[in-house]
Amino acid sequence: MGWDHRNHGRSLCNRDGVKIATSNLSIILVIIATFIGAIGSLCLKLGANNLSFKPIEIIKNKFLIIGVLLYGLSSPLALIALKGGELSVLYPLVSLSYIWIILFSMKFLNEKMNVYKVLGITTIIISVVLIGLAA
Amino acid sequence: MEAEKVMQNAEKSKEIRKAILMVIFVTIFTSIGQLLFKISADKLALDFYLLITNYAMIAGFVLYFTGAIILILALKKGELSVLYPIIALSFIWVSLLSAYFLGEPMSIQKWVGIIGIMAGVSAIGMGSK
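Just so you know, the protein sequences line up as chains A and B, in that order.
Going letter by letter, the first sequence gives residues 1 to 135 in our numbering.
Going letter by letter, the second sequence gives residues 1 to 129 in our numbering.
Keep in mind that the hints were calculated from the coordinates and are not lab data.
Quick reminder that beta carbons are idealized off the backbone N, C-alpha and C, glycines included.
Among the hints, a few may not be true.
Going by beta-carbon spacing under 10 Å, a handful of chain A positions derived as facing chain B [unchecked claim]:
1. ASN49
2. ASN50
3. GLY72
4. SER97
5. ILE101
6. LEU109
7. ILE125
8. VAL128
Here are the simulated lysine to any residue pairs, SDA-like style, with alpha carbons at most 20 Å apart [what the hints assert, rightly or not]:
9. LYS77(B) <-> ASN110(A)
10. LYS54(A) <-> PHE65(B)
11. LYS76(B) <-> ILE66(A)
12. LYS83(A) <-> LEU102(B)
13. LYS54(A) <-> LYS77(B)
14. LYS83(A) <-> ALA99(B)
15. LYS112(A) <-> LYS77(B)
16. LYS83(A) <-> LEU97(B)
17. LYS83(A) <-> GLY103(B)
18. LYS76(B) <-> PHE108(A)
Cβ pair distances, simulated, as ranges [to be verified]:
19. GLY103(B) <-> ILE59(A): 43 to 49 Å
20. ILE32(A) <-> LYS5(B): 43 to 49 Å
21. ASN50(A) <-> ALA41(B): 33 to 39 Å
22. ILE99(A) <-> LYS76(B): 22 to 28 Å
So that you can see chain B by itself, here it is in the shape it has in the complex (with noise of 0.2 Å):
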């Protein structure tokens, strides 16, 4: 029946839509897992209490955990080809993030790169309805 198939294409959006927001936010998570990573390696020993109280890195594998169920949740709802490009959202993140805390140089070609990383991965999410 037509109604119900312009319901079930909604549906479908819906999810997609859900997914896409999913895997964002993985990408969030991955990021602030690696600059965790990045802030502890100093602290890296085979030391058991050492590693037991380096907070920064047992956050950074919490995070990372987390997104790789969020992410397999959302690959159950959406296309590959459609959410695997979001994850290009991480050099976007890793950027600013590095900025900001770890005082790496911004630049133009660096914002460039990030409109150009957001346009695509707008575009890409065109392409998933």
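The following block holds chain A by itself, in its conformation from the complex (with noise of 0.2 Å):
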């Protein structure tokens, strides 16, 4: 592997050896980009939950098609507002999407909760954090 010795004794959270502010945008950008992940993804599971393979009945599917077109704008939405700032402060409004889901599965799709679950989705916010303060 390519180890890069550039950053050697910078800290952690700088992006390219030089220390970015994340700027108020890039987090606004990627909560709205979560929030609007989240919701897409609820919409594919509905869509998905009432799947026929008829193309006709694929474009009346409103929440397939409302979910395909979240979808498809969170993840470059999601990647630009990364860009824009420090990984340690993202990645955790990122990791923010699995506690939406967890409410609107819930709330909508009448999924139970139990401790695999909360123990696991809690062990990946954590993970995820950390990585974010690593890079």
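If you follow the hints, you should be able to join the two separate chains into one complex; please do so.
This is the structure in structure tokens:
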């Protein structure tokens, strides 16, 4: 692996050796992007439940169409937003989406929570924050 | 009938396992797609010919598109609260791919985070049965 020593000794919150202040715009963009992504995933799930393989039915599947649009919108939006700031701040915000999904799936999809799911998602959120701090 | 119920539950578990595997593939596709977009970013231009021959970018789009379709098929089989957290695996792939192809440094914190994500996703997988 090519180890990059250019940032040796510098705070790991730097981006390319230059300290970047995370702009408020980036923070807002990331929050919006992850929220849209979560709603888009919810719509994808609702649309997938009634999935039919006939093109006419697919076009009439409102949730599926909305879900695809939101999902397609959230990815580039998130990528652009992440470029504009320190990952140590932005990754934790991205991990917010997992909390949204838990709330949405409990409320709108009647999915039951259990110890495994809660423990698992908590571990994931902590790990994502850790990776963000390390980047 | 009891026997029928047991068979139905076994079928359900198989479907959920298939769905989990499908989403894992989706995360790999989208992570490689992200890498391709990063690589192709400098060749980005509003010139029609340049766009058509930007193979990295086109490949990235194909991967994303394929991933979306597989994701939808997987969501038909499984719960959102189980399948969505699996997307966290992309943090792992992106870290490893960036370290290998783009020379971004790895650190103990990243490795601990990677192990944590794997543990978390496994736990959620167990919570689906």
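These are the hints, each one checked on the structure:
{"no.": "1", "hint": "ASN49", "in the structure": "7 Å, holds"}
{"no.": "2", "hint": "ASN50", "in the structure": "9 Å, holds"}
{"no.": "3", "hint": "GLY72", "in the structure": "7 Å, holds"}
{"no.": "4", "hint": "SER97", "in the structure": "8 Å, holds"}
{"no.": "5", "hint": "ILE101", "in the structure": "5 Å, holds"}
{"no.": "6", "hint": "LEU109", "in the structure": "6 Å, holds"}
{"no.": "7", "hint": "ILE125", "in the structure": "8 Å, holds"}
{"no.": "8", "hint": "VAL128", "in the structure": "6 Å, holds"}
{"no.": "9", "hint": "LYS77(B) <-> ASN110(A)", "in the structure": "15 Å, holds"}
{"no.": "10", "hint": "LYS54(A) <-> PHE65(B)", "in the structure": "19 Å, holds"}
{"no.": "11", "hint": "LYS76(B) <-> ILE66(A)", "in the structure": "16 Å, holds"}
{"no.": "12", "hint": "LYS83(A) <-> LEU102(B)", "in the structure": "15 Å, holds"}
{"no.": "13", "hint": "LYS54(A) <-> LYS77(B)", "in the structure": "18 Å, holds"}
{"no.": "14", "hint": "LYS83(A) <-> ALA99(B)", "in the structure": "17 Å, holds"}
{"no.": "15", "hint": "LYS112(A) <-> LYS77(B)", "in the structure": "16 Å, holds"}
{"no.": "16", "hint": "LYS83(A) <-> LEU97(B)", "in the structure": "17 Å, holds"}
{"no.": "17", "hint": "LYS83(A) <-> GLY103(B)", "in the structure": "17 Å, holds"}
{"no.": "18", "hint": "LYS76(B) <-> PHE108(A)", "in the structure": "16 Å, holds"}
{"no.": "19", "hint": "GLY103(B) <-> ILE59(A): 43 to 49 Å", "in the structure": "45 Å, holds"}
{"no.": "20", "hint": "ILE32(A) <-> LYS5(B): 43 to 49 Å", "in the structure": "45 Å, holds"}
{"no.": "21", "hint": "ASN50(A) <-> ALA41(B): 33 to 39 Å", "in the structure": "38 Å, holds"}
{"no.": "22", "hint": "ILE99(A) <-> LYS76(B): 22 to 28 Å", "in the structure": "24 Å, holds"}
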